[in-house]
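K.L.:
Protein chains in written order, with this note's numbering: chain V, 664 to 1302; chain F, 22 to 485; chain U, 5 to 112; chain G, 17 to 495.
Hints listed in this document are in silico derivations from the structure and should not be mistaken for laboratory results.
It cannot be assumed that every hint is accurate.
To be verified - Rough simulated footprint, nothing fancy, chain F against chain V, three-plus residues with beta-carbon under 8 Å:
#, segment
1, 1229-1238
2, 1266-1277
Stated by the list, open to error - Here are the computed lysine to aspartate or glutamate pairs in the EDC-like style, where the Cα-Cα straight-line distance is at most 20 Å:
#, chain 1, residue 1, chain 2, residue 2
3, F, Lys482, F, Asp334
4, U, Lys101, F, Asp161
5, G, Lys301, G, Glu365
6, F, Lys159, F, Asp365
7, V, Lys822, V, Asp774
8, F, Lys441, G, Asp238
9, V, Lys822, G, Glu439
10, F, Lys159, F, Asp117
11, F, Lys110, F, Asp459
12, V, Lys1272, U, Asp108
13, V, Lys1276, U, Asp108
14, F, Lys441, G, Glu161
15, F, Lys447, G, Glu206
16, G, Lys371, V, Glu1249
17, F, Lys160, U, Asp103
18, F, Lys337, G, Glu77
19, V, Lys828, G, Glu365
20, F, Lys379, G, Glu112
21, V, Lys1034, V, Glu1022
22, G, Lys301, V, Glu1241
23, V, Lys1073, V, Glu1180
24, V, Lys828, V, Asp1229
25, G, Lys35, G, Asp111
26, G, Lys356, G, Asp474
27, V, Lys822, V, Glu772
28, V, Lys828, G, Asp111
29, G, Lys371, G, Glu439
30, F, Lys482, G, Glu77
31, F, Lys379, G, Asp111
32, V, Lys1254, G, Asp238
33, V, Lys1257, G, Asp302
34, F, Lys159, F, Glu76
35, F, Lys441, G, Asp302
36, G, Lys371, V, Asp825
37, G, Lys301, V, Asp1245
38, V, Lys1257, V, Asp1245
39, G, Lys301, V, Glu1249
Note that the structure is predicted; figures quoted are calculated from it, not measured.
For each residue, glycine too, the CB sits at the ideal point set by N, CA and C.
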Amino acid sequence: MLTLMIFLPLIGFLINGLVGRFLPKNVSGWLGTAAVLGSFILAVMNFNALTAEAGQLESIHQKLFTFLHVGSLHVDFAFQFDRLSAVMTLIITGIGTLIHMYSIAYMHEDDGLYKFFAYLNLFIFNMLVLVLGSNYMMLFFGWEGVGLCSYLLIGFWYKNVDFGKAARKAFVMNRIGDLGLLLGLFLIYSTYGTFEYQDLFSRVFTGTDASSNVNTAIALLLFIGAMGKSAQIPLYTWLPDAMAGPTPVSALIHAATMVTAGIYLVIRSEAIYALSPFANEIVMWIGLSTSILAALIGLKQNDIKKVLAYSTVSQLGLMFIALGCGAYTAALFHVITHAFFKALLFLGSGSVIHGMHHEQDIRQMGGLRKKMPITYLTFLIGTLAITGFPFLSGFFSKDEILMSAFAHNKLVFGLALMSAGITGFYMFRMFFVTFHGTYRNHHHAYEKVHESPLLMTLPLLVLAVLSVIGGAVNLPHYLGEGISGGLHHLLSFDGGGQFSPILIYPEHAIELSHTAEIALLAMAVSVFVIAFLYTRNKYVVKGSVPEADADQQGMGKVLANKFYVDEAYDMAFVAPLESASDVITEYVDEKALKSAVDGVGTGGYGLSKLLSKIQNGNIEYYLLYMVIGISLLLAFNLF
Amino acid sequence: MIALFITFFAAVVLLFLGLNKKESSFSNLAVVALMASSICSFCNAKGLCNFAILESWVPANMMLFGYSEHMFASLLAFVAAVIVFAFRKNDNLGTDQLGLIMFSLCGAFMMISYQHIVMLFLGIEVLSIPLYVLAGSKKDSLASNEASLKYFLMGAFSTGIFLLGTAFIYGGTGSLELEMMGIKPSFMHAMEGMPIATLINAGLILMSVGLLFKVAAAPFHFWAPDVYEGSPNRTTVFMATIVKITAFVAFNKLLSTFGGIHNTWSGWLCVLGMITIVWGNLAGLVQNGVKRTLAFSSIAHAGYLVMFLLILDESKTWILWYYGFAYALASVLVFLIAHQSATDKNPVGFDMFNGLSKRSPWVAFALVVGVLSMAGIPISAGFDAKFYLFSFAWQSSPWLVGLGLLGSAISIGYYFKFIKHAFLVKVDGDETAVEYNDKGLMMLIAALLLLAGAMPWVLLKWVF
Amino acid sequence: MNLLSIFNQVEISHYIYLSTVLFSIGLFGVLFRRNAIILLMCIELMLNAVNLLFTAFSTYMGDADGQIFVFFIMVVAAAEAAVGLAILVLVYRNTRKTDVSFLDQLKG
Amino acid sequence: MEIILIPIIAALVTAGLGKRSNVWISTLLSLIPLAVLYTYFTRFGVDNGWKTIFDLTWISENIRFTLGFDGLTGMLLLLTNLMVPVIVMAGIRDDENRVKLTALTLFMQGALNGVFMAQDGLMFYIFWELALIPIYFITLTMSGENAFKITLRFFLYTFIGSLAMLASLLYLFLHTANYSFSFEALRAVELSRIESIWVGAGILLAFVVKIPLLPFHSWQADTYTHSPAAGSMLLSGIMLKMGLYGLLRWYLPLAPESIEFFQPWIIGLSVAGVLYGALIAIRQKDMKRLIAFSSLSHVALIAAGIFTLTAEGLEGGVLQMFVHGVNVIGLFLVVELIEKSTGTRLLGELGGLAKSNRSFMIFFMLLALGTVAVPFTNGFPGEFMLLKAVYMYNPNMSLLAGLTIIFCAVYIFRMVQFSMFGEGKHEVLSLKWNEYVAFGILSIAVLLIGFVPQLFVDVVHSSILQIVTWVSEAKGVLS
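So here's chain V without its partners, still in its complex pose (with noise of 0.2 Å):
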């Protein structure tokens, strides 16, 4: 059953890829849709085996075959269904059937749909492998797998030279992180001499085999990749670029799933982490600084897919603060409602793209919310939820996340706290000037502006509900120990094997006493509420409309080109990297190495003109050297 829900997806990517070109479009579509559907079942069916009341599992492992069996390398392709990977599995699967029948109905006018559904199965398939695998290998091959996805996905539209510089900039990056990872694998594999979970786990956890030293290293290595997938500084100047694919395939990739893989690794490998401080803290750091500095650019974005694609790389900085701190429950808490709100956001911007023909400039935008109200609405619903407005799904999640870093550094949760806080202005900002407001687009008449069909308002609905009660997955303390937590509870489940938990090491307690809780939140909800009446007041009430990226001036002018980290790393590594190409190609390679080679013929050719001079054509000269040698080798042999 494990396998199939695996595989299904894998069967519809074969089906699609094969004879996708010769079935009608929405079979294609349907097909893709059901293959995902599938998988989601038989992971809710999974789940509930592994959750019975009776007889609970730990995990459900399943091996295949052994796919590298060499020297001290063993590597097993098998599958590990455990509390963490279930949780992930039905994001994933859930979430991506909604996409997916989503999907049907945004592509509905490409001729590449079959296509593109084949990509979309093939990702959902090795996102899978990447949280199902039983061991590092498993999940480098996932890992791998969603990269090149996202690079298809990405580049789906190839005819614009631009979407596949983005899809390249993207793979090229992930790359970066992978190196990182492999890295960190090696070490892994050198110091504990296993790639699977369990056994690696329990050798980290009876701690003899090293010193923290190399914990840390492996810790900051995997991080790497992380940084790679996740979109953390200094890697996430793809995600943006990104946004170049098809908006389901954001939505999906690059705000539900792939993205948050790297989460997924760091919450997977907790036993190295919990070893290492100082990892942790680098963690924390650079999820701080990430997320404060994509909330800013944020800002001053104007297309409406960028602002949210600056939002996703800021919220997972958010995480990665949480995972430094060790509040893994949180982190991947949020991923969850992360995922329910920030797809519903890019399936709503999707709809409104969809709605205004491919228009993606907000400023282009506005007075939508009469033409599109069920997008309205779920789009309302979707930026309350990543605001942070009571009780909804964000709220409870960055909540928790707050509280952890409150708890851990009071700094911390104060830049926390700022990010969080941005995050309302640069919402309600893209939020009012797109559906508020009058309509500003010239070349598309407003009559023409529709709302989407059914097929894509019905999962905008699903996910706007998941947006809403998708809190109730880890509730607070404070409303009640028996519905709270149900998240920590589910990882922390103990069930008295080898190695059981997911997560062996105990949270730093949240012990804040309930004043302390209720002040953060009061201060959470302030600033919520802030953001929310400025933006407001600038946008709707007085109507005015961002100002181009050319017109920026100061320090709007730096935020609306994004700090300008891509002019710095074209400086600093691209430019540099093709002169040392161009120079290499040339001096080493053509001037020196071949020159050397050459030379040494031309020498030979030298010499050889030489010695045909020597040969003068007069025999007095012959009879000379003759006599010449006959003197020398006397005179070296006789005296």
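Position chains F, U and G against the provided structure of chain V, taking the given hints into account.
P.N.:
Frame of chain V, contents of chains F, U and G only:
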């Protein structure tokens, strides 16, 4: 001995019989005689027949035909037969040139079988003097004249040197017989005022110079490119193959006699070998003429063969034989193709091979086999020859072997030119008509080279 | 006094030196003269120096081989001279020169 | 023996048929050895060490014509006899050179089979040279303007290398008890450390030129670029493997005492070569040149892996030899087809080919992914093992070598982008049946190895074990 007799009488007969007839009408007779010499020698060596009566006519301390001498005689006669056959279409009036070739061959037989320095000297002269004449046999060609005069003057000069060496050796050892020379030095120490060691050293050097001149080893090789270029093709091949092999056999015999004091001569000989290899191969690179290139190639081969001289093992004579076999056949093949390909417009340059692969592919194939064999590329006989030579010379002269390998690499540079012009340069032209006999001969030689290369053990088992 | 004993009173090394000097004269002649005929003559001189040496050795060692060798050398020298002159005539007919330094068509 | 003779006879038949032969016939002829190889696998197995399967007196009683077979040999034979049909099928254009090229390719197939099976040092050398000759003709006669210069450089390089190897083999030969060239006899020669270093250096030189490692590679790019596609494919896909095979089969067992001396040098050079090739490939405009430098980079990694002397490195190296053969032949085939239909292979002049032929796009993508070493394609397992092996030798080295996974993605996807994506500049690129079949074979190889590498690793396992045993016997220590 039998080879010497057959060849000699055939030469005399030819000389008188065809006084006023075209040479080509008698070349078949010469070929038959030479083949007869070859076969008889072979049979004699193998003990299939016996010509003891002939042997008895010449004292054993002057000339002696043992097994290996017979084999060499057989090889030389065979090569000579091939040469005569290959270049048979000579419309010279009179058979004097055929006669001269065969007289020269008689000299070669004397050189390979000498037991007495007088015979060596006579052999050299009998070998050389006809060649002086043959080199100039294109009487109205200035190049031929020049080649002839150069060869003659330098040859005579080197004879003088050789003779001085002989005299010194005579003084040093007190004898001119090989057997006695080897043992005498100690006996002669008794005589007052004789700087014996110096005399022997100097004598050996000077005699060696005479022989090194014949094999065209540096720095006594200067005549070779010029003379090869100026001489008629047939003479050139003769010089490149028979003279070289013969001189090496004779040289080897001489040095073996002084094997007891090899530490006095192996050093400089090795150095000369090195110079020869480097010089021959390097200078070959920039040559534009086919024959000049082959001349330098032959110089380089002389350098390789110096290794053989340093092996100093009687039982390894077969290496020289096999090397000579491979080298001579390949040379004949390449010279023959060059001879056939030369046009009035371009008698010397590499352009003569242009588009050969299109014009007559089989000839081009034979050319490749010949050239690759000279270069020592498997699976040609040249490779096996080099392999035997280098592997057995390693012990005695490792550096020379190293340089030999390097030289082989350099030599690719000019051997390549043949193939380049034959295969790479395209020309518009008709198929060149090559006579079936010639084509057959070329293919035969090529096949021999390939077969001997692929299964050298079979050949060697049969021969030695 | 026996003529032979006079010879015997001269040390053998003197003969060696003398013939070496003679040989060298011939050799330098070959090197520095350009007329082919003179070259030929110089070569003859070299050969005669060798003849002298052979004879001396032969006499001192009481071995006849050396003297026999001298005859052979003389015969061969004559043959060589004949061939050489013939070649020279051939060259002269084509170039009207007997100077070897003009013969440098073949080179490289 | 059959597997050597059949292709050579096939070559003669092809040459004899001349214009009357066609792709069908040549392909069928080239496939026969594959069937023979199958019987080898079933008859001799791969777990019995390197055993002699053919023996004949040759140059002397002790210099024999001996052929051996084991997993390593089998693997390379499989590569050769699987890829040559691909080349014959799809890599040779139907022009005036077709017959000649086909015949030479088939001849080379025989020679290569000989190289991989030779159990006698001299025979190995001879087949080694023999395999050179056809390629030398191909580059000489069919590679356009600078053919002479290019071929000469190529030939001199490889020839000097071969001579050095010959010198080393001769040295060993002369130290054998009974003047034998057999592998066992050569291996039995006891060398002092310094001797071993010299002998090893000679043998190595031949191999590093052929592989080629960093400073010995100047022949490579030009030769690849200017040769006809079949030539590039043969060279890069199969002939390079001669060098790597030689390292494993001849260098390691024959001069084990020198390994310690050369190890840091070779690994250093290899890692440098990995980066060097990748860096240059990033900016190449000519697709063939790009692939040439990419190949330089990939093969260097294999060499580094082999020299770590770890099981991962050795077996991963062998696997990667096969994989690289498949990928690079595939990529050259792609370039060939692009060039055949558009007349250019410069990235700047291409674009938008994805539109014109979807299947072609898929094949290209698969091969590109294999080269980039994405999991579940053939490049991944080998590269993983190799990098791991290098890591075990020295983590910093593996960091440097690992950069290749980034660079490789950069240049390969750059190539894909500029040739396949963007606006179409050229109209049609149609595939014929033979090209479909060829790509089919390659694609199956890409995916099969990607999913179940263990199948292939198992084939070579015992051979590698044997080699490791030989080395460790001599060295006394081995990881």
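K.L.:
Holds or violated: F:Lys379 and G:Asp111, Cα atoms, limit 20 Å.
P.N.:
Distance ~16 Å between F:Lys379 and G:Asp111 Cα, so the pair holds.
K.L.:
Hint check: F:Lys159 vs F:Asp365, CA-CA at most 20 Å. Holds or violated?
P.N.:
holds, 16 Å
K.L.:
Below or equal to 20 Å on CA atoms is what counts here, so check V:Lys1034 against V:Glu1022.
P.N.:
holds, 15 Å
K.L.:
Is F:Lys482 close enough to F:Asp334, meaning Cα to Cα at most 20 Å?
P.N.:
holds, 18 Å
K.L.:
Checking one constraint from the list: CA of V:Lys1257 to CA of G:Asp302, max 20 Å. Satisfied?
P.N.:
holds, 19 Å
K.L.:
Below or equal to 20 Å on CA atoms is what counts here, so check F:Lys447 against G:Glu206.
P.N.:
Measuring from Cα to Cα gives roughly 53 Å; hence the hint is violated.
K.L.:
Between F:Lys337 and G:Glu77, does the CA-CA distance stay at or below 20 Å?
P.N.:
Holds, because 17 Å separates the two Cα atoms, which is no more than 20 Å.
K.L.:
Hey, F:Lys482 versus G:Glu77, does the alpha-carbon distance stay inside 20 Å?
P.N.:
Cα-Cα ~11 Å, so holds.
K.L.:
With a cut-off of 20 Å on the C-alpha distance, tell me whether F:Lys159 and F:Asp117 pass.
P.N.:
With Cα atoms ~13 Å apart, F:Lys159 and F:Asp117 stay inside 20 Å; holds.
K.L.:
Has the given pair, G:Lys356 with G:Asp474, been kept, meaning a C-alpha gap of at most 20 Å?
P.N.:
Status violated; Cα separation ~39 Å.
K.L.:
For G:Lys371 and V:Glu1249, compute the direct alpha-carbon distance and say whether it is at most 20 Å.
P.N.:
violated, 35 Å
K.L.:
G:Lys301 and G:Glu365 were given as a pair; does the straight-line alpha-carbon distance stay at or below 20 Å?
P.N.:
Answer holds: G:Lys301 to G:Glu365 is near 10 Å, not above 20 Å.
Checked against the numbered hints given earlier, the structure breaks hints 1, 15, 16, 26, 28, 34, 35 and satisfies all the rest.
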